[in-house]
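Here is what each chain is made of, one letter per residue.
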Amino acid sequence: MNNIQSNDRRFGYFFVAPAVIILSLVILAPIVIAIITSFYDYTLINRSLDNFIGLNNYFESITNKKFLHSTFVTITFVFFVVLFEFLIGFLIAILLNQVERFRNIYYFILLIPLLINPVVVGLIWRMFLHPQLGILNYLIGFIGIEPVNWLGDPQNAFITIIFVDIWHQVSFMIILLLAGLASIPEEPYEAARVDGANAFQQFRDITLPYMRPVIIITLLIRLIFALKTYDLIYIMTKGGPGDATDLISYYIYRSAFIGLDLGQAASMSVILLFIVCIIIYPLFKYMSRADE
Amino acid sequence: MNSKHIQLNSVTKKFQNNTVVNDVSFDIADNEFFILLGPSGCGKSTTLRMIAGLEEITSGSIIADQRDISHEDPKDRNMAFVFQNYALYPHMNVRKNLSYSLKLRKITQNKIDEKINWVTNLLKIKELLDRKPSQLSGGQRQRVALGRSLVRDPIAFLLDEPLSNLDAQLRVEMRQELISLQKKLSKTFIYVTHDQVEAMTMATRICIMNQGEILQIGPPQDVYDQPNSIFVAKFLANPINNILKSNIINKNNEIFIETLGINILNEKLIDLSEVFFSIRPENIYLESYDRDKTIKVEIMQIENHGHELLMTSKLINNNQLLYFRISKENKITLGSKVTLGFNVEDLLFFDIINERRIK
Amino acid sequence: MKTFISILLSLSFFSVNASSVTLRAVMENVPDTKFIQELLPEFTEKTGIEVEFEVMGYGEMHPKLVPSLTASKGSYDFMPVDFYWVGEFDKAGWMMSLDDMIAKDSFDTSVYFDSLMDLTGRVGDTTYMLPFYNYAMGLTVRKDLINDSTNQSNFKARYGIDLKIPTEWNEYLNQVEFFTDKDKGFYGVVNQGGKADPIAMEWSNYLFARGGSFHDQNWNGLLNSKEALEALNDYISMISNYGPLGAESFSFDEAFNVAAQGNAYSYLTYNWFLGSYNDPDQSSVVNKMALIPVPGEGGLNGSWGWSIPTSSPNPEAAWEFLKWVESPDIAKRRAEMGGAATRKDVFDDPDLNAKFDHYPGLKKLLATSKNFPVFTYTPQFVEVMGTELSKAVIGEQDASTALANMNEQLEELAAKDGKR
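Residue numbers (our numbering), protein chains in the order written: chain L, 1 to 292; chain E, 293 to 651; chain W, 652 to 1071.
No lab work stands behind these hints: they were computed from the structure. Among these hints, one or two may not hold up.
[Stated by the list, open to error] FRET-style restraints, in silico, Cβ to Cβ: (1) L/144 x W/799: 32 to 42 Å; (2) E/395 x L/95: 23 to 33 Å; (3) L/141 x E/363: 44 to 54 Å.
[Said to hold, decoys possible] Anything over 12 Å on all C-beta distances counts as not near chain W; from chain L, calculated: (4) 21; (5) 83; (6) 114; (7) 187.
Since the model is a prediction, treat every value here as computed from it, not as a measurement. Note that beta-carbon positions come from the ideal geometry of N, C-alpha and C, so glycine has one too.
Kindly generate the complete structure, drawing on both the sequences and the hints.
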């Protein structure tokens, strides 16, 4: 490497250094600290690293029925939420892509739920869903449906939080997918029309292949965020009724700040991190392969 | 032989309040190589797309094989379209690109393989079958686009400036290939271009359009020799045409053309005081001895085109410019004054107001 | 000369400012905090000490406090402590003993209700806190419906006893049944069955009303008793038969709204809700709700206590504040504004009794209130109760299993805390 190139490289490092340092401090360091903590008996009342217990916390977590239940509830929640947000979001994006007039107005209206703070979303919907005083049961009363116990019945509660999450987050999908759709050139579609493809075939043979990287990225990002859903549960159900909606983030939070056992909570977080990495890895590989 | 294979009757296209194609009518016969020629924005591509069904017609009708196809879907018209940017399916390899339309029509795999074989041999793209479009050069993509239209056995081929993205050398080659291809297939080709060299060399008839309207239709040589308007005279020129203005003085039997300083016999010019006229550069000669008339000019510019020189000169008594072509052996210098010869029959006259030719 | 004097003056000004202290504290976003904020200027004028409150919601206080408490020199000079946290703070040694300061200044702590001193005052034999405000729970009932003569004759005909302010638990259960008319959308009771705080707090009252308790002096669990089972069956029956749809997930504001909109006869809740019932902006049953002690053998106590962290930067100044805010005069004025007092002398004050006619009832309430188990894992146990009770209410497990689970986990947590 000659002088110019090595100078260039050093300059590059220099430029990137501040960002890397900050990222390390803010993201990497806490992760490392959490991992270290997970190997100790570290509680909020006795905050010292005196008690090394190795993999004990992990063992306790994996055999903890409540933790496993939360994991199961979370995976089910994430599956449905991502699936429906994707399908609905894609449908709306396709429709919106064909609109010419007033597109910006529709866009803005659809964007509003996403802009609302999740805590506020939870509070608003709690009000709407009140069985006697809320507006939802009032409205469905007009078409002769009996009042529904939205958050008090365990099955209903699970479906309800899925629904509220969709209401809140679907526009995230819409934005990303719409951007992807808008970047597809018009001409392959025209060639396909001439070749005799109907709308479905055009979608399958042109839209989907073009959209593949965007779809994967969108699903990936949404998946990671959905696994971390916390605010909605904290505001709307506190994990109940029973433990029907006890999502993993909320469970880990309670272990740390109510159960005061930071070491155990840290081990659960590490396990969650591990699960997320496993889920992402094949998608990641697929992305870099699809790039060629 | 059907002289009315494809007909356009008063076809108009409006985008909101903007009329892009205005009352266009023509008939295309079987096996014609019909070329729509005009500058950018003249409506030629829109017209082609309406024939294909990619654009809706605002009013008028399109008939093909005696069937009114004005509102039919593109796929029902059985015409093939070759796009300027090829529009290949980027996620399919060449083989899949070629067989896509056939698969949609549920043609058996055997037949598909036969057709692919035939087309790839014809266009010499057999070795490209497993490549994706991103791995092909411009010329190769163009052939695949052609191939995609060939496998379908359509009633007509519609081509939208297919050569404009290729380099000059490749363009010349492809012109020849397209001409021989059309002859071999014996199919109707409707072709759009802004390049008048392509139009002149390939067409059986050219159709000149400007601002959404048809200006002239006819075999290339006819249109070239007998342009209906100044626009056509200027547009169909390689590289340029001479259009000059002159006062006219009526002298009993003869007409005096002031700019050229000559008297001619032409009853059509009797009542006029001013006129435009054209004379092609190739019809102006350095040796004036066996020509009808002469004109004195001063040499302003010499352009060396390799095989010949294009001269820009100024009329001595007038200041208007006159272009003419001479072989490179002639040693004429800038600023020198020469006498040029021409024949009266090569003069074409155009009305001073509507710019149409006075016949 | 003039220059010399002005320099001297400005230097002295500086030094005065340098010696003036600013006390900082995290405070909850409740009316009692607002009342104190209005009186703060008087404290500053009297002592020269500035006081700055960081006001926030309940959920944010604990996470804010803990880092400051574990530091050697924290950011906060005094703090309110919820009874939930007393065990934890004591175990971690975060609270300063107030015994010496109380003795030195002869501060009279006998004015506080015994139950409140037990809850947020003393731990063992040491005084760590001065009770700040109470949130004991009581029963709110529609006295207008009780006083209605038609109701009275119908009730007597059906149950053979008079319709009056209930003092016995079974009497109350009858009234709940009597007033429920689901077709008309009126319910005998509205419960706050939501996880974890609401249901745990509310059900504790049912347990005490039936004469049950959580544990004995040796922290052996008593939740598998007959009384506990009756209490849980009562609760399940209330929600399923006499309560509105969705009560299984109500927090206290949702339940309150049902009662405040006139759709329920009774609601077991925090005593300070009475003010909200009588606020026409929030309620349509102004002056129709009476606050009474929970019928039976007493309801659930709740309170906050003032404490000085061991990491307090200015403990002496903090003690000055505590003395001031809990002085008889200031305590009375806070109560006058509507604060939930913790002192017997406030409840005996004639002026306040003239102003608030619910005071005698409230005094009796406080005197009979029972405490929730206070130890390091109180919040954790509240979570446990929340889950087990909730599952019983929605029918996922039967009542005795729920109680057995709660009992087992109570003993486990107590053992973890070294109580047994």
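Comparing the hints with the structure gives:
1. One distance hint, 32 to 42 Å for the beta-carbon pair residue 144 of chain L and residue 799 of chain W, holds here, with the actual separation near 34 Å.
2. Hint check: residue 395 of chain E to residue 95 of chain L, Cβ distance near 28 Å, so the stated range 23 to 33 Å holds.
3. Remark: the range hint 44 to 54 Å for residue 141 of chain L to residue 363 of chain E is upheld by a beta-carbon distance near 49 Å.
4. In this structure residue 21 of chain L is separated from chain W by more than 12 Å, as the shortest Cβ-Cβ distance comes to about 24 Å.
5. Consistency note on residue 83 of chain L: stated as away from chain W, and its beta-carbon is indeed over 12 Å from all of that chain's, at 26 Å minimum.
6. With 12 Å as the threshold on Cβ separation, the claim that residue 114 of chain L sits away from chain W holds: the shortest Cβ distance comes to roughly 24 Å.
7. Listed as a non-interface residue, residue 187 of chain L keeps its Cβ farther than 12 Å from every Cβ of chain W; the least gap is roughly 55 Å.
Of the numbered hints stated above, none is contradicted by the structure.
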